[in-house]
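Novice: Chains as they are written, first to last, in full-length UniProt numbering: chain A, 1 to 468; chain B, 1 to 468.
Everything labelled a hint here was simulated from the structure, so no lab data went into it.
Misleading hints may appear alongside valid ones.
Note that the list lumps identical chains together, so a pair holds whenever it fits in one copy or between two copies.
[Unchecked claim] Using 27 Å as the maximum straight-line C-alpha spacing, the simulated DSSO-like pairs for lysine-lysine come out as follows: (1) Lys131 / Lys22; (2) Lys57 / Lys203; (3) Lys98 / Lys203; (4) Lys57 / Lys22; (5) Lys131 / Lys221; (6) Lys366 / Lys203; (7) Lys221 / Lys22; (8) Lys22 / Lys366; (9) Lys221 / Lys203.
Take a look at the letters that make up each chain.
Number of protein chains: 2
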Amino acid sequence: MARVLTPQAEDFPRWYQDVLAKAQLAENGPVRGTMVIRPWAFGIWELVQRGLDDRIKASGARNAYFPLLIPESYLRREADHIEGFSPELAVVTVGGGKELAEPAVVRPTSETIINASLARWISSYRDLPFKINQWANVVRWELRPRLLLRTSEFLWQEGHTAHASCEEAHSFALEILEDTYAATMERDLAIPVWRGRKTDREKFAGAVVSWSCEGLMRDGKALQMGTSHELGQNFANAFDIAYTDERGTRQRPWQTSWGASTRLLGAVIMVHGDDQGLRLPPRVAPVQVVVLVAREGEGVFEQASRLVADLTRAGVRAELDPHTDVSVGRRIVEWELRGVPVRVELGPRDIASGQVPVALRAEAVKTTHALDGLAQAMPAILETQQDELLRQARAFRDRLTSRVTTIGEAIEQARVGAARVPWATLGLDGERRLLEAGISVRCLVREDGALVDDPEAGGVDAIVARAY
Amino acid sequence: MARVLTPQAEDFPRWYQDVLAKAQLAENGPVRGTMVIRPWAFGIWELVQRGLDDRIKASGARNAYFPLLIPESYLRREADHIEGFSPELAVVTVGGGKELAEPAVVRPTSETIINASLARWISSYRDLPFKINQWANVVRWELRPRLLLRTSEFLWQEGHTAHASCEEAHSFALEILEDTYAATMERDLAIPVWRGRKTDREKFAGAVVSWSCEGLMRDGKALQMGTSHELGQNFANAFDIAYTDERGTRQRPWQTSWGASTRLLGAVIMVHGDDQGLRLPPRVAPVQVVVLVAREGEGVFEQASRLVADLTRAGVRAELDPHTDVSVGRRIVEWELRGVPVRVELGPRDIASGQVPVALRAEAVKTTHALDGLAQAMPAILETQQDELLRQARAFRDRLTSRVTTIGEAIEQARVGAARVPWATLGLDGERRLLEAGISVRCLVREDGALVDDPEAGGVDAIVARAY
Ligand SMILES: [Zn+2]
Ligand SMILES: [Zn+2]
Numbered sequence: 001m002a003r004v005l006t007p008q009a010e011d012f013p014r015w016y017q018d019v020l021a022k023a024q025l026a027e028n029g030p031v032r033g034t035m036v037i038r039p040w041a042f043g044i045w046e047l048v049q050r051g052l053d054d055r056i057k058a059s060g061a062r063n064a065y066f067p068l069l070i071p072e073s074y075l076r077r078e079a080d081h082i083e084g085f086s087p088e089l090a091v092v093t094v095g096g097g098k099e100l101a102e103p104a105v106v107r108p109t110s111e112t113i114i115n116a117s118l119a120r121w122i123s124s125y126r127d128l129p130f131k132i133n134q135w136a137n138v139v140r141w142e143l144r145p146r147l148l149l150r151t152s153e154f155l156w157q158e159g160h161t162a163h164a165s166c167e168e169a170h171s172f173a174l175e176i177l178e179d180t181y182a183a184t185m186e187r188d189l190a191i192p193v194w195r196g197r198k199t200d201r202e203k204f205a206g207a208v209v210s211w212s213c214e215g216l217m218r219d220g221k222a223l224q225m226g227t228s229h230e231l232g233q234n235f236a237n238a239f240d241i242a243y244t245d246e247r248g249t250r251q252r253p254w255q256t257s258w259g260a261s262t263r264l265l266g267a268v269i270m271v272h273g274d275d276q277g278l279r280l281p282p283r284v285a286p287v288q289v290v291v292l293v294a295r296e297g298e299g300v301f302e303q304a305s306r307l308v309a310d311l312t313r314a315g316v317r318a319e320l321d322p323h324t325d326v327s328v329g330r331r332i333v334e335w336e337l338r339g340v341p342v343r344v345e346l347g348p349r350d351i352a353s354g355q356v357p358v359a360l361r362a363e364a365v366k367t368t369h370a371l372d373g374l375a376q377a378m379p380a381i382l383e384t385q386q387d388e389l390l391r392q393a394r395a396f397r398d399r400l401t402s403r404v405t406t407i408g409e410a411i412e413q414a415r416v417g418a419a420r421v422p423w424a425t426l427g428l429d430g431e432r433r434l435l436e437a438g439i440s441v442r443c444l445v446r447e448d449g450a451l452v453d454d455p456e457a458g459g460v461d462a463i464v465a466r467a468y
Numbered sequence: 001m002a003r004v005l006t007p008q009a010e011d012f013p014r015w016y017q018d019v020l021a022k023a024q025l026a027e028n029g030p031v032r033g034t035m036v037i038r039p040w041a042f043g044i045w046e047l048v049q050r051g052l053d054d055r056i057k058a059s060g061a062r063n064a065y066f067p068l069l070i071p072e073s074y075l076r077r078e079a080d081h082i083e084g085f086s087p088e089l090a091v092v093t094v095g096g097g098k099e100l101a102e103p104a105v106v107r108p109t110s111e112t113i114i115n116a117s118l119a120r121w122i123s124s125y126r127d128l129p130f131k132i133n134q135w136a137n138v139v140r141w142e143l144r145p146r147l148l149l150r151t152s153e154f155l156w157q158e159g160h161t162a163h164a165s166c167e168e169a170h171s172f173a174l175e176i177l178e179d180t181y182a183a184t185m186e187r188d189l190a191i192p193v194w195r196g197r198k199t200d201r202e203k204f205a206g207a208v209v210s211w212s213c214e215g216l217m218r219d220g221k222a223l224q225m226g227t228s229h230e231l232g233q234n235f236a237n238a239f240d241i242a243y244t245d246e247r248g249t250r251q252r253p254w255q256t257s258w259g260a261s262t263r264l265l266g267a268v269i270m271v272h273g274d275d276q277g278l279r280l281p282p283r284v285a286p287v288q289v290v291v292l293v294a295r296e297g298e299g300v301f302e303q304a305s306r307l308v309a310d311l312t313r314a315g316v317r318a319e320l321d322p323h324t325d326v327s328v329g330r331r332i333v334e335w336e337l338r339g340v341p342v343r344v345e346l347g348p349r350d351i352a353s354g355q356v357p358v359a360l361r362a363e364a365v366k367t368t369h370a371l372d373g374l375a376q377a378m379p380a381i382l383e384t385q386q387d388e389l390l391r392q393a394r395a396f397r398d399r400l401t402s403r404v405t406t407i408g409e410a411i412e413q414a415r416v417g418a419a420r421v422p423w424a425t426l427g428l429d430g431e432r433r434l435l436e437a438g439i440s441v442r443c444l445v446r447e448d449g450a451l452v453d454d455p456e457a458g459g460v461d462a463i464v465a466r467a468y
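Chain A extracted, bound-state conformation:
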């Protein structure tokens, strides 16, 4: 078969660039580090958004929208926050032809401006818990940009909540981590993720505790795919948010914030993609089934159109490819590149026999299926392909993850994948030594699978890897 992309094993970053270009996913914008998300990738993003948005709404949060431009002084109100973000800020100094009295920062995240509103909106215990979310673009100036993974502008959702107690905020941060983020990643994106606690060094600027979902890409590097932060009362203090409790006492609420971004598209590409291109999990595939008119002939086009209509009626996102002026081979390469999960090929002989070729992208196999009843059978076929991608990604991650007991072994293992190493062995010094070797602690997890309440307790592992 003709080589479409640089093979992953030869040069993974080059493969990634190739697939972004050839599957028409994303490209660089003219201002350094910005990107254009092309329709095929954006179609995937719309489906990722739908899954996230449904789960966010199920958590009780409602969508709203806050301004892009934030007075520079707002960011300074929380000391860790400004320290963390100031190297990455884009600043508007001119508006309407005039120098602004106070420069406005293009939001790198919206804790400050949202909490300025919450200070007005929250006054009584009846207003709590308060849960809000926005879908927005954010800008963090990036010197070493990588499309969809680390760009000067990206799209995301950011949720912000206020609660009456620390424990409730803690529970909610973990609920989002599991029921919104891990659920979307595993069920919709078919990507297994570690849920864990960030080390103090890796936590969000302004947070007390940060939690994250981390995935392992095909090149053995980790990707932080979503984070959920316990903010304590840091922003409530900085923005003077207070409520009157049942006994009439003035109290500060406890807060969370949490975000996931277009980076998830990078994860889908790098976890499932192969040397032929993308492999899309059916739940986030803009086209789930392509019906190719492979060869022209009596009634083929009509039969193919009918199949597409039947699939659509069965709730499947189906598309017809009637372009017989282009060779079948070339079109197949194109549909595999774009990662469409199922390809049905129709020609005169298939129609005559009533048995049609059905190619499954996830399994890289071509089966045959009775044309009669194919549309009705398709939702179940798509489910198997969804499961298959998750199964493969799990097996891959297991293969590339090892438990080790020394820092040296961890560095060795991180050349090919992720290492689990006891946090007690590592500690702050070990974390620093790893960083010097280009390796970071992705998150802390417990051996028994529970979430880490106290990093210094026994039974805590660090998951360490090179990372995007």
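Assemble chain B with the ligands onto chain A, guided by the hints.
Specialist: Chain B with the ligands in isolation, oriented as in the chain A frame:
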């Protein structure tokens, strides 16, 4: 009844401010002219978006995303475009702690950056027509901001297309005007709109022809609710977009662009709102039916919950109000303020009799309906309320619009509403005279209802009014 808002007849701008604040719709952001869109208003916007997005996709356009930041030099490539937008630009001069070599403009609209991509993506007649859309925030510095109507930042969609011929671009611009914009406004928002051609003075900076949908607000002022532009080959020339036609000749495509924004929320408020608050068309009401536990009693809460569940199953967006600790009167005021189309009140006696009060916001009447079968009947009831709001808005617009024959009469009529005046009577001089009186030509329409092909032909009317 207690006065909740400043009455419209007393002070319409004050009424508008009141309803924005009390129905918790929107408020000012800290940077001049920016706004916060609160959850209730954003919930309406999500439904408006859904209707627009479905229709945009039906037109063949696909969604994508282009960068927020545009090199300043891009805007200068089209002379009219930069002239039109330069007074409104917000400019980023610092990024990542450093002065930028070339300042970046925060997009006021995206013709320039999108056409820079199209120049790479379009090369053959097979690539045409090319149709793309993005949902995005844009910034146009505003010295006299008005929430949801004219703000320094707003949310919108902007579509951009390229076609092989002028006639096809022309047809598509009009297709969007009618099938996407007018259809959303009339069918979803229940707002009748004039579709017309902008005068040269009012057209988009960079367009050859601009078309718009114009609505008439309750204070007799017009609001431009969506525009569709024929760009000719202006941007194709500026960004060197070319394709090879069937005969192998290099050609410039003909383009369109079109946009509608969060301003539509302002229109919903100002067309349907009354002295009690919003009145939401059911299709864009986040809650279509509220079921109030009016008075506690044996089985009332259970019956109300069951009704909400039945309504939800019937495809109705329903919410339970169980807050009997707050008086019924106060809660009714609140739900009317928020504009929920239908309110069902349940108390022990209603349940005993099996007949329950059903209040219809659009008609301001309270009827009764058998509890049995109410959920199943609700979709039809909501349809009647949707139709009723459109009927009222049409009657109102007709009442406030007069055909006049002189400029003096047009100025007189524009004190209370809109005037239709022959464009031959008005002309460029008349347009200038009206502007001096604070009145603009909203659009040109034909007496026979057709769209204006040639403004200088006979039978063309100008619709003139004060405008937002
Ligand atoms: Zn806690
Ligand atoms: Zn034309």
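Novice: Next step is simple, just say for each hint if it's right about the structure.
Specialist: Going through the hints against the structure:
1. Lys131 / Lys22: Classified as between: cross-chain Cα gap 20 Å, same-chain 41 Å, threshold 27 Å.
2. Lys57 / Lys203: within (26 Å within a copy, 41 Å between copies)
3. Lys98 / Lys203: between (38 Å within a copy, 26 Å between copies)
4. Lys57 / Lys22: Cα proximity of Lys57 and Lys22: across copies only (24 Å, versus 36 Å in one copy).
5. Lys131 / Lys221: neither (34 Å within a copy, 37 Å between copies)
6. Lys366 / Lys203: So Lys366 and Lys203 fail the 27 Å test inside a copy (46 Å) and across (56 Å) alike.
7. Lys221 / Lys22: within (23 Å within a copy, 51 Å between copies)
8. Lys22 / Lys366: within (24 Å within a copy, 61 Å between copies)
9. Lys221 / Lys203: For Lys221 and Lys203, the Cα distance is within 27 Å only inside one copy (19 Å; across copies 52 Å).
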